[in-house]
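Protein chains: 2
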Amino acid sequence: MKKIKVSNNVIRRMPRYLRKLDELDAQGISRISSSELGNLLGLTPSQIRQDFSCFGEFGQQGYGYNVSALKEEIAKILGTDRGYNAVLVGVGNIGRALMDNFCFSDWGCNLISAFDVDKDIIGREINGVPIRSMDDFSGFLAENRVDLAVLAVPKEYALSVTDVLTENGIKAIWNFTNVDIAGPESPLIVENLHFSDSLLSLSYYISERNDENAARAARLERQKAAKDKK
Amino acid sequence: MKKIKVSNNVIRRMPRYLRKLDELDAQGISRISSSELGNLLGLTPSQIRQDFSCFGEFGQQGYGYNVSALKEEIAKILGTDRGYNAVLVGVGNIGRALMDNFCFSDWGCNLISAFDVDKDIIGREINGVPIRSMDDFSGFLAENRVDLAVLAVPKEYALSVTDVLTENGIKAIWNFTNVDIAGPESPLIVENLHFSDSLLSLSYYISERNDENAARAARLERQKAAKDKK
Numbered sequence: 001m002k003k004i005k006v007s008n009n010v011i012r013r014m015p016r017y018l019r020k021l022d023e024l025d026a027q028g029i030s031r032i033s034s035s036e037l038g039n040l041l042g043l044t045p046s047q048i049r050q051d052f053s054c055f056g057e058f059g060q061q062g063y064g065y066n067v068s069a070l071k072e073e074i075a076k077i078l079g080t081d082r083g084y085n086a087v088l089v090g091v092g093n094i095g096r097a098l099m100d101n102f103c104f105s106d107w108g109c110n111l112i113s114a115f116d117v118d119k120d121i122i123g124r125e126i127n128g129v130p131i132r133s134m135d136d137f138s139g140f141l142a143e144n145r146v147d148l149a150v151l152a153v154p155k156e157y158a159l160s161v162t163d164v165l166t167e168n169g170i171k172a173i174w175n176f177t178n179v180d181i182a183g184p185e186s187p188l189i190v191e192n193l194h195f196s197d198s199l200l201s202l203s204y205y206i207s208e209r210n211d212e213n214a215a216r217a218a219r220l221e222r223q224k225a226a227k228d229k230k
Numbered sequence: 001m002k003k004i005k006v007s008n009n010v011i012r013r014m015p016r017y018l019r020k021l022d023e024l025d026a027q028g029i030s031r032i033s034s035s036e037l038g039n040l041l042g043l044t045p046s047q048i049r050q051d052f053s054c055f056g057e058f059g060q061q062g063y064g065y066n067v068s069a070l071k072e073e074i075a076k077i078l079g080t081d082r083g084y085n086a087v088l089v090g091v092g093n094i095g096r097a098l099m100d101n102f103c104f105s106d107w108g109c110n111l112i113s114a115f116d117v118d119k120d121i122i123g124r125e126i127n128g129v130p131i132r133s134m135d136d137f138s139g140f141l142a143e144n145r146v147d148l149a150v151l152a153v154p155k156e157y158a159l160s161v162t163d164v165l166t167e168n169g170i171k172a173i174w175n176f177t178n179v180d181i182a183g184p185e186s187p188l189i190v191e192n193l194h195f196s197d198s199l200l201s202l203s204y205y206i207s208e209r210n211d212e213n214a215a216r217a218a219r220l221e222r223q224k225a226a227k228d229k230k
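Residue numbers (the working numbering), protein chains in the order written: chain U, 1 to 230; chain C, 1 to 230.
Some clues are possibly wrong.
Chain copies aren't distinguished; within one or between two, either way the pair holds.
Once the Cα atoms are required to be at most 30 Å apart in a straight line, the calculated DSS-like pairs of lysine-lysine come out as [stated by the list, open to error]:
(1) K119 x K155
(2) K20 x K155
(3) K76 x K155
(4) K71 x K155
(5) K5 x K20
(6) K71 x K171
(7) K229 x K5
(8) K119 x K171
(9) K5 x K76
(10) K224 x K5
(11) K20 x K76
(12) K224 x K171
(13) K20 x K229
(14) K20 x K119
(15) K5 x K171
(16) K171 x K76
No wet-lab data here; the hints were simulated from the structure.
Just so we're clear, the structure is a prediction, and the values are computed from it rather than from any experiment.
Please work from the sequences and hints to get the whole structure.
Below, the structure is given as structure tokens:
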């Protein structure tokens with residue numbers, strides 16, 4: 001595997017490739033060209049070839065890509081074979097939704113424990129994952145290898161829990177709190193799931209389309225008026 | 001407002017600007033330069049000026065930006081003043097988390113109804129939003145202006161519910177199902193919240209850092225060995 005610094009945009013596309021290849025593999029498709037793959041993903045073949053070239057040579061001129069081999073390669077690039085251990089902090093709705101429905105192990109990640117302050121759920125298990133008390137949090141982090149933390153606490157606890165994680169040597173956070181928990185200079189690796197950013201982007205695209213439609217309608221109206229005048 | 005087609009990367013940064021400006025406004029900061037704003041967001045001042053220039057001229061040479069005016073402008077660009085109506089389909093964990101904790105109206109969006117098949121929750125309200133039966137779904141869509149749908153149903157229903165939405169003229173979907181519900185040629189506007197893509201990106205960055213650290217350690221080891229030999 002080549003060792004160059006790969007751009008964020010390329011990294012962001014890799015999981016999409018992986019999902020699509022997974023799907024193709026499940027459909028029994030064993031081979032695909034970069035143009036077919038491009039069509040499925042709305043990308044140009046050259047874009048796809050360029051993305052993959054950041055990591056080495058996977059395709060073969062005139063043959064295309066072996067679907068399952070490419071899938072394995074991309075999974076490896078994304079680190080799914082490294083068996084990262086995760087803890088989840090905050091078993092509210094979002095935390096519970098993740099524990100109930102999100103299959104961490106599908107993505108090479110072991111969710112080894114959850115933590116909460118609610119006495120009613122401490123000691124229980126969801127999908128085989130124990131919920132422990134926040135009182136035992138630091139101790140657990142000291143005694144177990146934890147590669148990343150899923151932060152799903154209420155907004156007002158986001159920063160203080162981040163401090164505890166940092167003090168205990170956790171270097172990567174999957175952040176569901178909608179709070180910016182680390183400045184640009186922070187050594188933490190933070191992956192934010194900002195729901196609001198996503199909704200606002202959608203809102204922009206709806207507005208853009210509405211404006212285009214309104215402009216088109218106005219244009220047609222003007223043309224019609226000009227025609228009627230003649 | 002200028003009407004040019006703005007790149008996706010610029011659109012994706014606008015919500016981040018809005019969040020930061022909101023924060024600054026709440027702190028009573030009324031004026032900020034592009035370099036200060038850049039420092040806070042890890043962007044260069046020229047990047048920021050370029051992003052804003054896609055939509056018109058907001059700053060003033062030597063003065064910087066008026067925080068609250070810029071905030072209003074960006075909110076408008078993102079369509080938060082348009083009062084979009086949303087429905088939510090699927091009141092499972094994710095759907096419930098959104099209804100409980102995500103303040104749609106903060107982002108200019110009215111969540112007017114939720115839909116589910118579970119008789120135990122049909123007829124109830126969460127945060128003032130009624131949960132209706134899926135039996136009434138098409139009828140509701142026909143009788144109400146709905147600008148977007150929040151899709152939070154189990155994976156296996158993602159495509160069939162998307163069909164119902166499309167048949168009823170819904171053109172924008174906020175998709176939490178982790179299923180690709182529209183091909184690149186689809187006229188639907190789809191905003192995906194793929195949790196797995198986000199986790200995989202995090203996994204990549206952790207792996208990248210681990211590899212860098214391992215390479216550094218190996219280099220130091222070699223240097224030490226070479227020194228010991230002398």
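At 30 Å max between alpha carbons, let me know whether K76 reaches K155 within a copy, between copies, both or neither.
-> between (34 Å within a copy, 26 Å between copies)
Intra/inter-copy verdict for K20 and K155 if alpha-carbon distance must be at most 30 Å = between (34 Å within a copy, 15 Å between copies)
When no copy is named, should K71 and K155 be tagged within, between, both, or neither for a Cα gap of at most 30 Å?
-> Between copies, since 22 Å is at most 30 Å while 37 Å is not.
Are the CA atoms of K119 and K171 at most 30 Å apart within a copy, between copies, both, or neither?
-> Cα proximity of K119 and K171: one copy only (28 Å, versus 44 Å across).
30 Å Cα cut-off: does K71 pair with K171 within a copy, between copies, both or neither?
-> within (28 Å within a copy, 32 Å between copies)
At most 30 Å between C-alpha atoms: does K224 with K5 qualify within a copy, between copies, both, or neither?
-> Classified as between: cross-chain Cα gap 27 Å, same-chain 56 Å, threshold 30 Å.
Measure nothing new, just compare the shortest in-copy and cross-copy C-alpha distances for K119 and K155 to 30 Å and report within, between, both or neither.
-> within (20 Å within a copy, 32 Å between copies)
Which holds for K5 with K171 at a C-alpha limit of 30 Å: within a copy, between copies, both or neither?
-> Answer is within; shortest intra-copy Cα gap is 19 Å, inter-copy 38 Å.
Is the C-alpha distance from K224 to K171 at most 30 Å within one copy, between copies, in both cases, or in neither?
-> between (63 Å within a copy, 27 Å between copies)
Given identical chains, is K5 near K76, meaning Cα to Cα at most 30 Å, within a copy, between copies, both, or neither?
-> Only inside one copy: K5 and K76 sit 16 Å apart there, 37 Å across copies, limit 30 Å.
Homo-oligomer pair classification [K76, K171; C-alpha up to 30 Å] = within (21 Å within a copy, 37 Å between copies)
Between copies, within a copy, both or neither: which fits K20 and K229 at Cα up to 30 Å?
-> neither (55 Å within a copy, 52 Å between copies)
Checked against the numbered hints above, the structure breaks hints 7, 13, 14 and satisfies the rest.
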